[in-house]
Amino acid sequence: MRRPDLGDLTAHVVAFGRALREHGVLCGPGEIADALRALERVDVLDPEQFRLALRTTLVHGHHDLRVFDALFPLYWSPFPPVSSSQEDGEDGPAQEAASEKGQLSMERWADAEETEGEQEVPGYSALEVLARKDFSTFTDRELEEIGKLVVAIARRIATRMSRRMQRARHSHRLDLRRTMRLHLRWGGDLPELAFKRRRVRKTRLVLLCDVSGSMDIYSRFLIQFVYALQEAVGNVESFVFSTSLTRVTPALRSRTLREALDRLSRTVPNWSGGTRIGASLMQFLEGWRHLLDPRTVVVILSDGWDTGDVEILHRAMREIRARSGRVIWLNPLLGSPGYQPLTRGMQTALPFVDVFAAAHNLESLRELERTLAARVRRTGRRE
Amino acid sequence: MSRPTLGNIEQILQALEQEGYIADREIATAIYLSIELHKPLLVEGAAGVGKTEIAKVMSQALGTDLIRLQCYEGLDVSTALYEWNYPKQMLRIRLEEGTDRTVEEKEQTIFSEAFLLRRPLLQAITHHRAPVLLVDEIDRADVEFESFLLEVLSDWQVTIPEIGTIRARHIPYVVLTSNRTRELSDALRRRCLYLWIDYPSFEKELRIVLRKVPGISQQLAEQIAAFMHLVRRLDLQKVPGVAETLDWSLALLRLHRDHLDRTSVEETIGCLFKHHEDQRLVRGPWLDAALAAIHEAQRDGEGLARALNRIERTLKA
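These protein sequence lines map, in sequence, to chains R and U.
For what it's worth, our numbering labels the leading residue of the first sequence as 1, then goes sequentially.
For what it's worth, our numbering labels the leading residue of the second sequence as 1001, then goes sequentially.
Derived by calculation from the structure, the hints in this document are not laboratory data.
Check before you lean on any hint, since a few could be wrong.
Stated by the list, open to error - Computed far set for chain R versus chain U, every beta-carbon distance over 12 Å:
hint, residue
1, A152
2, R253
3, R255
4, W288
5, Q347
6, A357
As the list claims (entries may be wrong) - Output of the computed footprint for chain U on chain R, the stretches with three or more beta carbons under 8 Å from beta carbons of chain U:
hint, segment
7, 27 to 34
8, 42 to 50
9, 61 to 72
Claimed, not checked - So the derived label-pair ranges between C-beta atoms look like this:
hint, chain 1, residue 1, chain 2, residue 2, range
10, U, Q1011, R, T256, 52 to 60 Å
11, U, E1144, R, R289, 17 to 25 Å
12, U, G1303, R, D354, 49 to 57 Å
13, R, F356, U, H1259, 24 to 32 Å
14, U, H1128, R, T256, 54 to 62 Å
Please read all numbers here as calculations on a predicted model, not as lab measurements.
In this text, a Cβ means the ideal position worked out from N, Cα and C, and glycines have one as well.
With the hints as extra help, turn the sequences into a complete structure.
Here is the structure:
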């Protein structure tokens, strides 16, 4: 194997590593060092060996492979770009017109606030929201109130799941090691048995929040819910979608809600666009399927207005249902008087939903909390 | 610490091939670098693409032992690392009942190496020569276990409170596999070299079938590989892996089929699809169209490999 001097190569590898990092790949000095060590051991003049040596050392996950494959030919152009197998001519994210929105419940949000006294209700038109994502009109008091409720709800969702998991297996196991020690201490027969308890396993929450045009008037409210949920339960992954999906977990990890909202409005494309729930959920499944397991609770916040393919939505919901522990759909429209989930999207999704509840104002969140609490008690008694 | 290697990438390809594992350069390179750089190899990919196989053939090719740790939910340190031999301890305590040794002395006896049961991780680091340690389906283990494993993989030593620290005699070759049922920690990922195994290409699957199913005709093997390639593009609940391909090929051979037609597929469909819905989907009109296209391409001598993309598009339409 040829082992030429790698001196000038090093700088390029470092630069390439930086490019990967800029595209979100965890690639630090350790990886670079590994890559250089690897290059010493392969034939760097063989394009394939060169590429594979970098690919094996610089990348640690399947998502990152795609980034690598896209960047590699750009950086190492002397090598012929690797044919990126079958790139189907799928239709691109067609920009769709925002569907009509269900403004009906706007007033109800205002109504619910009345209980809080003569506090000012943020009145804004859908137009204004479309123009600029300004989340700052929330009063601190509102934030606080919603925050508290949301924490309660989040805990409810989380404990319910872990309890069920706990009952499913022995929660106590004999701790032989400690028993043996006790035995020694007392010299004779087993004086008492030492037990150990399995740690309660935490539930993972996956939140998928619709921020399309039809959801506009609720979006900022829901985002707040998502933020607080992420705060309350450690293990939360959050996504927002309209015509496509964006992971917002890191953005929501900001110290304050305001900061989070700020970062969000800057990072999320397609805000207030049309809705393609099915395609967005598919996108979730393609990139993040591994987040789903029987301990995952999936919460979808959407009004079910889907301008995309219902067939795709059906497939996506079926798979999400099959892979996760529980699917909760929060629909802000459910709070409107006389609302029937008749939209095609909602009809398609409903069979795969465990809990279908409203989420359009504080009152509905309280209601949701009660529903979940009641369920815990009921199942508790039955067993 | 001696750690034999497998030579260069070319030699690894050959060695794997000799052990009956059809590898491509990507897999060979990953194995090669894992051995050369002394780093664990994390292998991810769908079920049935041959992730676990890698550790097995590595151990055979290296002529060393394979120590396997199968992960599952609730796997804990005592199952993975060591456990005390309680019955033996109990017996010793009984035997020493009459003696006037102090509790401390007794304790020292029964918590010594003679009473230690070595579980896979401890076995791996105290083995008389560097073994291949397979940590299978690490994604099924809990997060706590993952961090513990990370510690072992970093330090190559474990501490048993009653005995002390045990350092590795030889650093094992480590292969971790994951089906991605949950996300692994970045820390663990970064300890490892990464290999993603996809479903095999048509050519690779054909080679696997020809190699692993002796007596199969070239024609049937090609049809099988093409069929597998096409069927994996369907919206299935459970996509069949290479293991299923081989089961199916053997079944067809047993039934003395020399080509694929609707009857032979229907008779053996259980080998490939373990979901009723999947079976129904495949049995539909898709099957006739796919079989017709495969036969046609083969008749024309077009070469199935080249025809596949075209067939795929026609089937989609």
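Within 24 to 32 Å or not, the Cβ separation of R:F356 and U:H1259?
51 Å, violated
Closest CB of chain U to the CB of R:R255 still more than 12 Å away
22 Å, holds
Three residues minimum, CB to CB under 8 Å: does the segment 42 to 50 of chain R make the cut for coverage by chain U? Let me know.
With 3 residues close enough to chain U, the hint holds.
Closest CB of chain U to the CB of R:R253 still more than 12 Å away:
15 Å, holds
Does the beta carbon distance between U:H1128 and R:T256 stay inside 54 to 62 Å, or does it fall outside?
The hint (54 to 62 Å, Cβ to Cβ) holds, given that U:H1128 and R:T256 are roughly 58 Å apart.
Outcome for the supplied range 17 to 25 Å, where the beta carbon pair is U:E1144 and R:R289
The hinted range 17 to 25 Å holds for U:E1144 and R:R289, with Cβ atoms some 24 Å apart.
When you look at the beta carbon of R:W288, is every beta carbon of chain U farther off than 12 Å?
9 Å, violated
Are at least 3 residues of the segment 61 to 72 of chain R within less than 8 Å of chain U when you compare beta carbons?
holds (count 3)
Per the hint of 49 to 57 Å, is the separation of the Cβ atoms of U:G1303 and R:D354 within bounds?
50 Å, holds
Closest CB of chain U to the CB of R:Q347 still more than 12 Å away:
20 Å, holds
Tell me whether the statement that chain U covers the segment 27 to 34 of chain R is true, taking a Cβ distance below 8 Å and needing three residues at minimum.
The restraint on the segment 27 to 34 of chain R holds, since 4 of its residues have a Cβ under 8 Å from chain U and three suffice.
Outside-interface status for R:A357 - nearest CB in chain U farther than 12 Å:
At roughly 27 Å from the nearest Cβ of chain U, R:A357 sits farther out than 12 Å, so the non-interface label holds.
Checked against the numbered hints given earlier, the structure breaks hints 4, 13 and satisfies all the rest.
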